[in-house]
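Every letter in the sequence shown is one number past the one before it in my numbering, and letter 207, counting from 1, is 210.
Derived from the structure by calculation, the hints contain no laboratory data.
Treat the hints with care, since some could be wrong.
[Said to hold, decoys possible] EDC-like, lysine to aspartate or glutamate: derived pairs with alpha carbons at most 16 Å apart:
no.	residue 1	residue 2
1	Lys282	Asp303
2	Lys199	Glu561
3	Lys448	Glu418
4	Lys448	Asp474
5	Lys282	Glu306
6	Lys129	Glu39
7	Lys407	Glu425
8	Lys333	Asp385
9	Lys448	Asp470
10	Lys333	Asp379
11	Lys371	Asp331
12	Lys129	Asp51
13	Lys199	Asp565
14	Lys106	Glu289
15	Lys199	Glu184
16	Lys333	Glu300
17	Lys282	Glu300
18	Lys129	Glu261
19	Lys129	Glu257
20	Lys106	Glu300
21	Lys129	Glu46
22	Lys333	Glu375
23	Lys199	Asp181
24	Lys42	Asp133
25	Lys187	Asp565
The model shown is predicted, which means the values in this text are computed figures rather than measured ones.
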Amino acid sequence: MTAALSAHELIARHRSTLDQALEAIRTRAYWSPHPEHPKAYGENGSLDAAAGQAAFDALLGSRLDLGQPGTDDWVGGETSPYGVDLGVTYPHADLDVLLPAMKAGQRAWRDAGAEQRAVVCLEILKRISDRTHEFAHAVMHTSGQAFMMAFQAGGPHAQDRGLEAVAYAYVEQVRTPDNAEWTKPQGKRDPLAMNKQFTPVPRGIALMIGCNTFPTWNGYPGLFASLATGNAVLVKPHPRAVLPLALTVQVAREVLAETGFDPNLVALAAERPGEGIAKTLALRPEIRIIDYTGSTEFGDWLEANARQAQVYTEKAGVNTVVVHSTSDYKGMLANLAFSLSLYSGQMCTTPQNLLVPREGISTDQGPKSYDEVVADLAKSVDGLLGDDARANALLGAIVNPDVKARLEAAAGLGEVALASREITNPDFPGAVVRTPVIVKLDGAKPDDEAAYMSECFGPVSFAVAVDSAADAAELLRRTVREKGAMTVGAYTTDPEVEQAVQEVCLEEAAQLSLNLTGGVYVNQTAAFSDFHGSGGNPAASAALCDGAFVANRFRVVEVRRDA
4 MTAALSAHEL IARHRSTLDQ ALEAIRTRAY WSPHPEHPKA YGENGSLDAA
54 AGQAAFDALL GSRLDLGQPG TDDWVGGETS PYGVDLGVTY PHADLDVLLP
104 AMKAGQRAWR DAGAEQRAVV CLEILKRISD RTHEFAHAVM HTSGQAFMMA
154 FQAGGPHAQD RGLEAVAYAY VEQVRTPDNA EWTKPQGKRD PLAMNKQFTP
204 VPRGIALMIG CNTFPTWNGY PGLFASLATG NAVLVKPHPR AVLPLALTVQ
254 VAREVLAETG FDPNLVALAA ERPGEGIAKT LALRPEIRII DYTGSTEFGD
304 WLEANARQAQ VYTEKAGVNT VVVHSTSDYK GMLANLAFSL SLYSGQMCTT
354 PQNLLVPREG ISTDQGPKSY DEVVADLAKS VDGLLGDDAR ANALLGAIVN
404 PDVKARLEAA AGLGEVALAS REITNPDFPG AVVRTPVIVK LDGAKPDDEA
454 AYMSECFGPV SFAVAVDSAA DAAELLRRTV REKGAMTVGA YTTDPEVEQA
504 VQEVCLEEAA QLSLNLTGGV YVNQTAAFSD FHGSGGNPAA SAALCDGAFV
554 ANRFRVVEVR RDA
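Build the full structure now, drawing on both the sequences and the hints.
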């Protein structure tokens, strides 16, 4: 295959970006090459807002032909949470044809080496970045995120996470030198001398199982970690969120072909309605790596049954915030209100349980009782979402009927401190938009435990009354240990309480945010600096992103010869 882009050109184009990413993961300082503001696009080949909208509109009702081998049908059926029928159809694969074709290109990809694989991945990310406006609409109309969140989380933040994975992959692969001269003294005899060659080799074909809510943000780390370490990647999107990942596959295949590699190193596995091909794929012997984001039930099944593969899962957890005391009561309430409202709570990092001492908390505004704290938080959420236009921009749309059903059922679990209300989106009358519900529960009542000790994914939060800070810490420990947590938050001005909560999080491996009262929220993480999940509690078996996330996607094979 003739390369339109040489390795030399790609290294010249992207090596500096890779070096900056390597420095960012070393220092954990803020850095991003992908602009967050929509107005930053429109030059140097990137699509501006109008061109991105037009590109998305042109996709509606189209057939997305990726040129994959083994296509035996065309499938589709996505309907936007905003009520738009996308009408896009995708290739359905005969796996017995597609998987061998994917494997065929791995030798050349392996032999290219870590640096060339990295810069090819960066070229893919650059072309995706140029189409951020188009991708934003695709994410919005498959996930239900509001446009600005779809633009940022589905665009630059997802691209950052992909680049972060490439950087970690590069570090781990070059940790061992390509060649070594080995000499062992033998006293009076001639020394033993050997030449040793070390080659990172891929495990095989990686399967990336996408999620409905964050198809690119959650999908890119695994996709690029596997690709950068030499593996072919089969992308199996969620059936309600195919388009963003299908476009990703399209870009990846174009870049691979232009750089002289087999485009079948990246392919799409779309499915017929109800086909459920994830289980079939997960057990195929060709699949040696699996990345999955979704329900605990299927994540547990993958871990138990896909024994031939290295499995990385992000599952469900019960995220908890301990509310003990604060020196900025207004700031605390505003921060929590935003965290509970963003994307209708449909984030794996959204707080669910708020543990508040039944005797109340101390604040800069004086003592506040449990009832006052909960009532004031309800008022803060109401104030944040009181204007329908702002509410639509924060909440987005309910992603599926199951979330709506959980939201409606939550009101029957206890005393409702904040009732959910329906909001109309004038631009998309078919959208289901609901404000959060806050329910008061008692941590001392066994009947309430079934509610707050289960994940209730969506805009549902429980204000759980506890006897003391010590009881809050112990309930936090039990929750993380038994159910897992992607995030933990705490508000306290007491150093001993802070230390107790921190110790729980260190022992149970949960990521902790303390006393957030400004523009950083517990349910947001920054690539190159923050770890998303820890891989140390039941919520996830991996962290995005660390060395452990990439290192076992390849093995190092040694060839040694007498010198």
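Here is how each hint holds up against the structure:
| no. | hint | result |
| --- | --- | --- |
| 1 | Lys282 x Asp303 | holds, 12 Å |
| 2 | Lys199 x Glu561 | holds, 7 Å |
| 3 | Lys448 x Glu418 | holds, 13 Å |
| 4 | Lys448 x Asp474 | holds, 14 Å |
| 5 | Lys282 x Glu306 | holds, 12 Å |
| 6 | Lys129 x Glu39 | holds, 14 Å |
| 7 | Lys407 x Glu425 | holds, 11 Å |
| 8 | Lys333 x Asp385 | holds, 14 Å |
| 9 | Lys448 x Asp470 | holds, 12 Å |
| 10 | Lys333 x Asp379 | holds, 9 Å |
| 11 | Lys371 x Asp331 | holds, 13 Å |
| 12 | Lys129 x Asp51 | holds, 15 Å |
| 13 | Lys199 x Asp565 | holds, 9 Å |
| 14 | Lys106 x Glu289 | holds, 8 Å |
| 15 | Lys199 x Glu184 | holds, 6 Å |
| 16 | Lys333 x Glu300 | violated, 39 Å |
| 17 | Lys282 x Glu300 | holds, 12 Å |
| 18 | Lys129 x Glu261 | holds, 14 Å |
| 19 | Lys129 x Glu257 | holds, 13 Å |
| 20 | Lys106 x Glu300 | violated, 30 Å |
| 21 | Lys129 x Glu46 | holds, 13 Å |
| 22 | Lys333 x Glu375 | holds, 13 Å |
| 23 | Lys199 x Asp181 | holds, 8 Å |
| 24 | Lys42 x Asp133 | holds, 12 Å |
| 25 | Lys187 x Asp565 | holds, 12 Å |
Checked against the numbered hints listed earlier, the structure breaks hints 16, 20; every other hint is satisfied.
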